[in-house]
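J.: Each chain, written out:
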Amino acid sequence: MFDKLKKAFGGAEEAKAPKAEKKVEAAPAETKAPAEEPKAASAKPRIGYIHLSGCTGDAMSLTENYDILSTVLTDMVDIVYGQTLVDKWVHGTFAEEMPEMDLCLIEGSVCLQDDHSVQELLMAREKSGLICAFGSCAMTGCFTTFARGGQQAQPKHESFAPISQLVKVDCALPGCPVAPEMIAKVVVALCNGDMEYLQPAIDKAACNAGCGCDVLTNIIRNGLCSGCGTCALACPTRAMGFSEGRPSCDRDRCIKCGSCYAMCPRAWLPIKRIKEETGL
Amino acid sequence: MVLGTYKEAVSARSTDSKILDVSQDGGIVSALLCYALDEGIIEGAVVAGTPDEDWRPIPTVVTSADEVIAAAGTKYSMSPTLSALKEATRQYGLEKVGVVSTPCQTQGLRKAQAYPFTRFVADKIKLIIGIYCMENFPMASLDTFATAKLGFDSLQDASKMDIGKGKFWLTKDGEDSGLAIKETHGYEQAGCNICMDYVAEWADVSTGSVGSPDGWSTVLTRTGDGETVFKAAVDAGLIETKPMDEVKPGLPLLEKLAKGKKDKNGKERDKRAKMGLPLPVEY
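Chains as they are written, first to last, in the working numbering: chain A, 5 to 284; chain B, 1259 to 1541.
In case anyone wonders, no lab produced these hints; they're calculated from the structure.
There is no bait here: all hints are sound.
With a Cα cut of at most 27 angstroms, we get these calculated DSSO-like pairs of lysine-lysine: (1) B:K1517 with A:K279; (2) B:K1532 with A:K276; (3) B:K1522 with A:K279.
Using the sequences and the accompanying hints, generate a full structural model.
T.: Following this line, the structure appears as structure tokens:
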């Protein structure tokens, strides 16, 4: 199933505009083990979880899927890397080696002044088949965008960037935090190789910004808004109010997570999936 | 299928005079909400109310029959109703929520269920009652209809607002004034011009006046849940029904209007695409 995923992700690479220096791409295919044949034991995808600059909310959301978590962890995936989940991570000395991963979930933005974070992210790109920006901090920078540095114990730490600034991302899941149900549905889709379900997240892979203004510039300004209220439902900080039937973002409350625009039915609409789920 | 997937189409009316006194047409939305609340199918619902009785819709959480009846009647301006789902699930702590939604809102709800980006909200939506909708008007457009076109001193003088029989109606001092629908064209919000859904095709049960006689509503049951609730409300004696083929003007009119909306707005979509303007990305 991950071969299928990789192929699909690979196909979308060309669309990216060339940057000053080529970003570290996915691990070369040869390193992806000789297990071309799907074998029961070795077919379990190797998952990594890297915690950069975020509040651990996304990891907590992941673990909130109590009902499926034990099955996922025992039967469906191997978590091979992660400080919080398996107590395995590359320490500051880099003495320990990062294992090969099929998929690496990355929570949090990357602090450009923190060499360890930068190195861990770049290393993860080399070691992982797929990188998922897991949660808004990794995807858009979210509230870490407002960091200004000047704080103990690292006054120099001021630039917290979405991870797509440094590495090629394969798919992105917004949310502050990502909703537990969303994580469960993505896990199921991943395990089933359900590309169609993941496509919106794949299409958002290169995303590096989000804001309440997105509904203004992309929806209202394009004559698409119907005033339905989904954006206000999506907003985790209640920054979205309404004026004349149109969303109006309170920028002092907006944390730039991008949830409002992701939820807007006039931004994108999963027609096929809705029909499948409802039978309509 | 121009009316979307549905199990059954019937003409129906509430049997409760308290509902019929305030309802727009057959009182189906209010009757279904009251029944679902009574039976514990839902603990509350989010609807478009007008707490200030000034025709300005405000998303409202209702948890009792009295509150349902207080919010009854169609509003012809935008209500960001789905925003109140957060209030319903977080402040009110409701575990089972009903929603009264226009077609565009139904799309937002179904998308939120298919891609639940907002934690612990979508799973609490237990009943989606869709209402037929051709288009929606900014408040300033309604003011224009009342003052500039119908000669009212103020929109606030109107005691009832309705669209039917080819006209936009305002009632003042018991007297109805009608404005030809084509006089309202160009006053609807732009977002409505690309909508291809007239009959809330993704709701559990959809309803509206078109197709049925005055005082009655045309009901389309769509999902198993929608069918179950509607049939139970009928069995409980809260709703009376007539077969669609026994009423005038009947289903053909509903189909004609639904197709008309798709044709007209399909052209608008083509036009926008040709200009290089974006449309919702469809997956």
